[in-house]
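Line by line, the protein sequences give chains S and D. With the UniProt record's numbering, letter number 104 in the first sequence gets 104, and the count goes up by one each step, no holes. With the UniProt record's numbering, letter number 152 in the second sequence gets 152, and the count goes up by one each step, no holes.
For the record, the hints were derived by calculation from the structure and aren't laboratory data. Don't take each hint at face value.
Here are the simulated lysine-lysine pairs, DSS-like style, with alpha carbons at most 25 Å apart [said to hold, decoys possible]: (1) D/K435 x D/K417; (2) D/K431 x D/K420; (3) D/K272 x D/K57; (4) D/K354 x D/K303; (5) S/K27 x D/K422; (6) D/K354 x S/K27; (7) D/K123 x D/K228; (8) D/K285 x D/K422; (9) D/K431 x S/K27; (10) D/K417 x S/K27; (11) D/K325 x D/K435; (12) D/K325 x D/K201; (13) D/K301 x D/K340; (14) S/K27 x D/K285; (15) D/K431 x D/K123; (16) D/K228 x D/K272; (17) D/K303 x D/K325; (18) D/K272 x S/K27.
Computed from a predicted structure; not experimentally measured.
Next come the chains, spelled out residue by residue.
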Amino acid sequence: LGGSCANLLLSHSQITRLYSRFTSLDKGENGTLSREDFQRIPELAINPLGDRIINAFFPEGEDQVNFRGFMRTLAHFRPIEDNEKSKNPTASEPLNSRTNKLLFAFRLYDLDRDDKISRDELLQVLRMMVGVNISDEQLGSIADRTIQEADTNGDNSISFNEFIKASFVLTLHTLL
Amino acid sequence: MFLLCLGISITVWFTLLFVFIIMPAVLGVSFGIRSFYMRTLLKIFEWATLRMELGAKEKNQELYKPYTNGIIAKEPPSSLQQEIQELRGSANSLRSEPEFEMADIFYFCRRGVESIVDDEVTKRFSAQELKSWNLLTRSNYNFRHISLRLTVLWGLGILIRYGVLLPLRVTLAVTGICLLLRGGVTVVLYVFRLRSYLSEKVHLMCYRICVRALTAIITYHNRENKPKNGGICVANHTTPIDVIILANDGCYSLVGQVHGGLMGMVQRAMVKSSSHIWFERSEVKDRHLVAKRLGDHVADKTKQPILVFPEGTCINNTSVMMFKKGSFEIGCTVYPVAIKYDPRFGDAFWNSSKFGMVSYLLRMMSSWAIVCSVWYLPPMNREVKEGEDAVQFANRVKAAIAAQGGLVDLIWDGGLKRAKVKDVFKEEQQKLYSKVLVGDSEDQMEDKRSEDGTPEGDESSKDPAEGQ
């Protein structure tokens, strides 16, 4: 466990803390978490995007996540510290860099992993966030307008680069 | 020869027991043995913690689990509107059309991940983690073998707790329960007029013995606010022992379901000496019936105050969860009581999914002691004139109890221990977000009204005609 943690850049105490959180969520005590274990957290269950966020923890097609996977996904959100940048410039980008955070969010939209957010995928996420409070036509027009503004190469969908540009405001703030 | 020794030691044992524990319980006086015991224990714990800190420094390890060293830089909670506004930055506030930003997703993303790392609710259903060790392995989450002296002390502790304290306490508990059962019968034999006076005395005596059986060291504050007849006493719930702790200082009528077995016997015996409200399982669902019986009891001024735990389940004494509104609808005076346990001497929380009643009692009786503080708060009434409904009244009482006991005031339902959260809360979140997207047509009309705390009233520069 120690070796693969090196590029997660989590400190020993953070790992201990996460492990005790992992075990407290693991009601079945079998060393892995299922989707039901996540659903038991009330604040997550009422989050409109809760299901998508939970999905992000599970590798393709699997129903259980072990502690390593749990840590990897959470490591995306560790606060960026300035002294890390100068430590090892030749190493691959740390998991929690801004680009990787944006990629995490991009993947929440892009369910079929084709590296594009289609109008349908955008509509799906919008529908999850607003529930029944907005009509189909209005939601459709919001989606159309968003794609119009963000799409620069005219393929009627949003690629990762276009997504980064559309969220450019965020890359200026130290988010998450 | 051996039998003689055994005989003598048993006699000595029982004499000591009688003189030092049972007689004071019966008479209601105290030798101060327990507070002396508590002070000694504290000194030992402090010494032990010091040793462990020194030991940890030598080995260069971290002793305490870092609580504040979070994974996510968590910001203080603000409303959904405010956070999304911040997310979008000031550049977009000039647009007057319904706005959606792809980056809005970050708000939900961050909230979701924060709650995965640490949430306010699930940790209330398991025992609180201590910062220092109290020589009980059951609360030893992160302390390893540090020094020989400490291990010896811990071993000694086990010997004392299981060898001396536990048998002592079990004896007392059995005595107390027997008296409780017998007491009911005895009182019936006396003259009717003296019945309530005598039953009170017997009742208090039994509870005092039970308190000593647990080595519970209780400090009562503000006793002038003690609940009076014709009212309802409301308290936060951590363990079934709460009843013993409160009943030690006054007589209450209890409310609950009828059980079978030993509990059922105790319930029936208690009813003989004073009036309690026991419901059949089928009657519990009928809220109307429950309210009527409670109301009738309260209306009769000769009957004792009712003791109710509105949370409905045991919470781990770090927070107060949603109060069920049933007891607040009756319309009588409510006497709030805050109970706070000191976790250093033994964790009183009953984790009913992990431990049954018997193993819980065994753990309680083999801890060092149960130390708690009870605060009687001034009585509260529902402000019908100001249009306060039962739910608001319940929240007001809950806030008062949380403030006094130093507990976190949560709006979450204690029933979440076992049940899933209702969908209506998710729908509320969705509604709030929709308002950010398309604006609220009522906002413009309410612009003239002074702000009453609703966040959506302020930043609507949206044109009402285009709002729909």
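Hint check results:
1. D/K435 x D/K417: Violated, at about 32 Å.
2. D/K431 x D/K420: The given pair, whose Cα atoms are some 21 Å apart, holds under the 25 Å limit.
3. D/K272 x D/K57: 61 Å, violated
4. D/K354 x D/K303: 37 Å, violated
5. S/K27 x D/K422: Satisfied, since the Cα-Cα distance of roughly 21 Å is no more than 25 Å.
6. D/K354 x S/K27: This hinted pair holds, its Cα atoms lying about 11 Å apart.
7. D/K123 x D/K228: 35 Å, violated
8. D/K285 x D/K422: Distance of about 19 Å is within 25 Å: holds.
9. D/K431 x S/K27: 32 Å, violated
10. D/K417 x S/K27: Roughly 12 Å between the alpha carbons, so the hint for D/K417 and S/K27 holds.
11. D/K325 x D/K435: Violated, at roughly 30 Å.
12. D/K325 x D/K201: Violated, at about 33 Å.
13. D/K301 x D/K340: 30 Å, violated
14. S/K27 x D/K285: Violated, at roughly 30 Å.
15. D/K431 x D/K123: Violated. D/K431 to D/K123 sits at ~28 Å, over the 25 Å cutoff.
16. D/K228 x D/K272: 21 Å, holds
17. D/K303 x D/K325: 22 Å, holds
18. D/K272 x S/K27: Violated, at about 44 Å.
Hint compliance for this structure: hints 1, 3, 4, 7, 9, 11, 12, 13, 14, 15 and 18 are not met, and every other hint is.
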